[in-house]
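Number of protein chains: 2
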Amino acid sequence: MIQATYQRIVLASRPRGSVTADNFRLETVSTPTLLEPQQVLVRNQFLSLDPYMRGRMSLVKSYAQPQELNDTMIGATAGVVVQSSHADFNPGDSVTGMLGWSEMGVAPGEQLRKVDARQIPLSAYLGIVGMPGVTAWYGVNQILQAKAGQTLVVSAASGAVGSVVGQLARLLGCRVVGIAGGEQKCRYVVEQLGFDACVDYKKYATPEELLAALTAATPAGIDLLFENVGGNVLDASLAQLNAFARIALCGMISGYNGQPQPLKNTNRLLTMRVMLQGFIVTEHPDIWPQALSELAALVAGKQVIYHETIADGLAAAPAAFMGLLSGQNLGKQLVKLN
Amino acid sequence: MIQATYQRIVLASRPRGSVTADNFRLETVSTPTLLEPQQVLVRNQFLSLDPYMRGRMSLVKSYAQPQELNDTMIGATAGVVVQSSHADFNPGDSVTGMLGWSEMGVAPGEQLRKVDARQIPLSAYLGIVGMPGVTAWYGVNQILQAKAGQTLVVSAASGAVGSVVGQLARLLGCRVVGIAGGEQKCRYVVEQLGFDACVDYKKYATPEELLAALTAATPAGIDLLFENVGGNVLDASLAQLNAFARIALCGMISGYNGQPQPLKNTNRLLTMRVMLQGFIVTEHPDIWPQALSELAALVAGKQVIYHETIADGLAAAPAAFMGLLSGQNLGKQLVKLN
Chain A
1 MIQATYQRIV LASRPRGSVT ADNFRLETVS TPTLLEPQQV LVRNQFLSLD PYMRGRMSLV
61 KSYAQPQELN DTMIGATAGV VVQSSHADFN PGDSVTGMLG WSEMGVAPGE QLRKVDARQI
121 PLSAYLGIVG MPGVTAWYGV NQILQAKAGQ TLVVSAASGA VGSVVGQLAR LLGCRVVGIA
181 GGEQKCRYVV EQLGFDACVD YKKYATPEEL LAALTAATPA GIDLLFENVG GNVLDASLAQ
241 LNAFARIALC GMISGYNGQP QPLKNTNRLL TMRVMLQGFI VTEHPDIWPQ ALSELAALVA
301 GKQVIYHETI ADGLAAAPAA FMGLLSGQNL GKQLVKLN
Chain B
1 MIQATYQRIV LASRPRGSVT ADNFRLETVS TPTLLEPQQV LVRNQFLSLD PYMRGRMSLV
61 KSYAQPQELN DTMIGATAGV VVQSSHADFN PGDSVTGMLG WSEMGVAPGE QLRKVDARQI
121 PLSAYLGIVG MPGVTAWYGV NQILQAKAGQ TLVVSAASGA VGSVVGQLAR LLGCRVVGIA
181 GGEQKCRYVV EQLGFDACVD YKKYATPEEL LAALTAATPA GIDLLFENVG GNVLDASLAQ
241 LNAFARIALC GMISGYNGQP QPLKNTNRLL TMRVMLQGFI VTEHPDIWPQ ALSELAALVA
301 GKQVIYHETI ADGLAAAPAA FMGLLSGQNL GKQLVKLN
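So the sequences go chain by chain: A and B. According to the numbering used here, numbering within the first sequence proceeds without interruption in unit steps and concludes at 338. According to the numbering used here, numbering within the second sequence proceeds without interruption in unit steps and concludes at 338.
Take these hints with a grain of salt, some might be off.
If chains are identical, the list can't say which one is meant, so a pair holds when it fits in one copy or spans any two.
[To be verified] BS3-like cross-link-like pairs, simulated, lysine-lysine; straight-line CA separation at most 30 angstroms:
no.	residue 1	residue 2
1	Lys114	Lys336
2	Lys202	Lys264
3	Lys336	Lys264
4	Lys203	Lys264
5	Lys203	Lys302
6	Lys202	Lys114
7	Lys114	Lys147
8	Lys147	Lys264
9	Lys264	Lys302
10	Lys302	Lys114
11	Lys336	Lys302
Worth flagging that the hints you see were computed from the coordinates, not collected in a lab.
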């Protein structure tokens, strides 16, 4: 029997500066009793939390429409079909979708993806075999075109995207250097993920000290940069770029609260004849099948590993999201729904 | 009869901040009396002054080796052969080369280019049918891939490169907006070169006012940006970029004296999924023949025009160069040698 109500979290107000708990509101709503043709009712088991959501909470002109006030917070989800009026979906099927911060949701079948949760855990389809993994794959292969012997630097190296970037580049024969915040993350990046080195940017009080540490970790300079952070971290990497360096610009999380993020070393883009490409992986649907199939094989074969930080229950989502934005998580941040 | 001595200008000291007259020294040297095999002795008639020379005067790590102290200042030249031990060159031939700030010079024949100074004036081979023209051609066609209907913005629009960029893009059907310093330059850009609009950046006291003027001139945003200036001018253009904009990063002349040039609107590179490519046209020798042949045809057919600012005599070169760096010239800055 399907329960009569479920809980969801809506955007209650837009952040002024940092995200706060009162930007969110937990609501109880009625479960739909009748599905329209082709619709599927899903009980979510995992909710994905991702940095891009911060952008949607603001009204600033960006690559996506802002999230509407009082609507369910946007987000990718993984769960199980409970009712279906679509021929391709049956109760019990494992699916991923974009059902948002919600215990249940209804979507047309064509907006859901059926996944095999036997060889690979369901939650991994929100991370390494989902959007973050494909983001890493696209940046490393299509934009950076990583080759053996090159030095690749990735910021937010212990995160859902960065951890995959470094592992993919290592498999291609690159020397891989991570930048991460904190000793624990750096240890994880080197000892667990197998990066060649990691720079803990929190350890250095000034941009000059950060640059000195990065220079020591990249004695041959930087050929490829996968940027997730922006600000001072990006500025240090710019200063170490080699001639004909390539940059995949994936995120600038340090500026998500609207802080000014002036870059000083932009002259390097000219003097080193750099190619920089900003990108959003959802705009490249053509590469998803190949990327997902390669990533699934690498995960199944244990050639790449991943870590998850899991918050418990829908009500924990806002705090977990604020933690993600301040770098509290290790690897992929998820919410497990009960 | 060949004169026994000639004059040249050497780099006497490296600039600290702005270039000053005492960074240069005028010298009298002896004309070589005997050429080695394959060498050619040239009397220069025109000397090209270009912003890149500022970079060579410093010791800062850049794309090229710094200019040595007490060596002839580097630079492109156009002149006439006076003596030759190379079978392909005869006295009286018009040639271009890299003989520097000097009334005469000797070079191996393979470092000279024989040009036809009948249909196109000799000086044009240092500008629109030389390195500046090829720079414009490469940026517009190869990096920006300009297409009809797109809005292209070019800074230093009245300069040797910018003036060609805008005219080439107009021929391709772009809406072309220049950015230039001063009312006279802007009038030239619109009335003589045929740009659709021009923003006089010197007219605005704050970045906000500059951005408002640029926004008014680019009501449909910016699809293509050919950047020669950097700093606040680049920052304003970044704020107006459309999704999937492309940037050809050719110069950042506003920072040549080592001033900090922080860019604030770099988040647009991400949110608008921008492709940026820094470049130096001498690294793309493969495209020169096609570019030069197309440019020569456009000049001969009067489909593109050019303007020259000509200083008189070698001794005038340092002041003319300082004028170039502070934007005193209109179009291509040359020195005519006597």
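Hint numbers not upheld by this structure, sorted from lowest to highest: 3, 5, 6, 7 and 9
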